[in-house]
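In case it helps, the UniProt record's numbering puts the sequence shown at residues 1 to 239.
No lab work stands behind these hints: they were computed from the structure. In this text, all values refer to a predicted model and were calculated from it rather than measured experimentally. C-beta atoms are modelled at their ideal positions from N, C-alpha and C, and glycine is treated no differently. Hints are supplied without guarantee of correctness; some may be wrong.
List time: in silico BS3-like cross-link candidates among lysine-lysine, alpha-carbon distance up to 30 angstroms [unchecked claim]:
hint: 1; residue 1: 136; residue 2: 18
hint: 2; residue 1: 29; residue 2: 163
hint: 3; residue 1: 18; residue 2: 163
Label-pair distances were calculated between CB atoms; the ranges are [said to hold, decoys possible]:
hint: 4; residue 1: 12; residue 2: 71; range: 45 to 55 angstroms
hint: 5; residue 1: 83; residue 2: 180; range: 41 to 51 angstroms
hint: 6; residue 1: 177; residue 2: 108; range: 23 to 33 angstroms
hint: 7; residue 1: 7; residue 2: 175; range: 30 to 40 angstroms
hint: 8; residue 1: 174; residue 2: 91; range: 10 to 20 angstroms
hint: 9; residue 1: 136; residue 2: 176; range: 54 to 64 angstroms
hint: 10; residue 1: 154; residue 2: 83; range: 54 to 64 angstroms
hint: 11; residue 1: 135; residue 2: 27; range: 19 to 29 angstroms
hint: 12; residue 1: 33; residue 2: 175; range: 51 to 61 angstroms
hint: 13; residue 1: 24; residue 2: 74; range: 35 to 45 angstroms
hint: 14; residue 1: 15; residue 2: 37; range: 26 to 36 angstroms
hint: 15; residue 1: 15; residue 2: 96; range: 45 to 55 angstroms
hint: 16; residue 1: 176; residue 2: 96; range: 19 to 29 angstroms
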Amino acid sequence: MTHSLFSPEENRRIQALKEYNILDSISEKEYDDITKLASQICQTPVSLISLIDDTRQWFKSNHGLFVRETPREYAFCTHTIQNPSQVFVVPDSRVDARFSDNPLVSDDPYVIFYAGAPLVDSNGFALGSLCVIDHKPNSLSEQQLQALQVLAGNVVSLMENRKTQRSLKILHKVLEERHQESESTKKRIEGIISDSLDPVLKEAKTIIDQTKWQNVQELTEKIAVALELVAKIKEEIKR
């Protein structure tokens, strides 16, 4: 499956996901705690944080499952992200025409029951889902469904925080580089001014010291003022 087969909206969703820089990242306790809690609340053996890119569903956290990704074409979560406002539930995939021939149903990991809450970012894109899975038919109470949505919101908050922290690190690096460039430029300017003005200052001071004639007294005073101004400019640049 390639980007050219997707709608413009889906391409934007995939791009939004990639901006989080989370795909293929290492396991993190904050996410694993959420999938563990989701399994406990919903009383299911499996809970996943699933993110859908252009070719696969990748699991940021995989409680009760020992794979990190599956092909997108078999992912239940591709159905979940179609409706960002509600939990997608499949009570028994074996009798559901959409999934009955899915290899994830007929073979390991035997996804018979599925419930997924969309992970919706601030722009309204459903990036994936927090889902729970059972190997037998099942159902969730209204309270369990609500809890799953709340936990999905917590996942998104973690992702947003990750994105913000990464942006701040990049900004700090850029500012540090610009500061270093500024300091380097400042030193170069100081060198140019010193190389250019120091001989002039020395010569001018010599002229003033040697000038005793009354008719050029006014000129020497003006030169002295100019020299003082140049000296101040040099000091300002050094600050």
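Here is how each hint holds up against the structure:
{"no.": "1", "hint": "136 - 18", "verdict": "violated, 34 angstroms"}
{"no.": "2", "hint": "29 - 163", "verdict": "holds, 17 angstroms"}
{"no.": "3", "hint": "18 - 163", "verdict": "holds, 10 angstroms"}
{"no.": "4", "hint": "12 - 71: 45 to 55 angstroms", "verdict": "violated, 22 angstroms"}
{"no.": "5", "hint": "83 - 180: 41 to 51 angstroms", "verdict": "holds, 50 angstroms"}
{"no.": "6", "hint": "177 - 108: 23 to 33 angstroms", "verdict": "violated, 50 angstroms"}
{"no.": "7", "hint": "7 - 175: 30 to 40 angstroms", "verdict": "holds, 39 angstroms"}
{"no.": "8", "hint": "174 - 91: 10 to 20 angstroms", "verdict": "violated, 51 angstroms"}
{"no.": "9", "hint": "136 - 176: 54 to 64 angstroms", "verdict": "holds, 56 angstroms"}
{"no.": "10", "hint": "154 - 83: 54 to 64 angstroms", "verdict": "violated, 20 angstroms"}
{"no.": "11", "hint": "135 - 27: 19 to 29 angstroms", "verdict": "holds, 23 angstroms"}
{"no.": "12", "hint": "33 - 175: 51 to 61 angstroms", "verdict": "violated, 34 angstroms"}
{"no.": "13", "hint": "24 - 74: 35 to 45 angstroms", "verdict": "violated, 19 angstroms"}
{"no.": "14", "hint": "15 - 37: 26 to 36 angstroms", "verdict": "holds, 30 angstroms"}
{"no.": "15", "hint": "15 - 96: 45 to 55 angstroms", "verdict": "violated, 31 angstroms"}
{"no.": "16", "hint": "176 - 96: 19 to 29 angstroms", "verdict": "violated, 55 angstroms"}
Hints 1, 4, 6, 8, 10, 12, 13, 15 and 16 from the earlier list are contradicted by this structure; the remaining hints agree with it.
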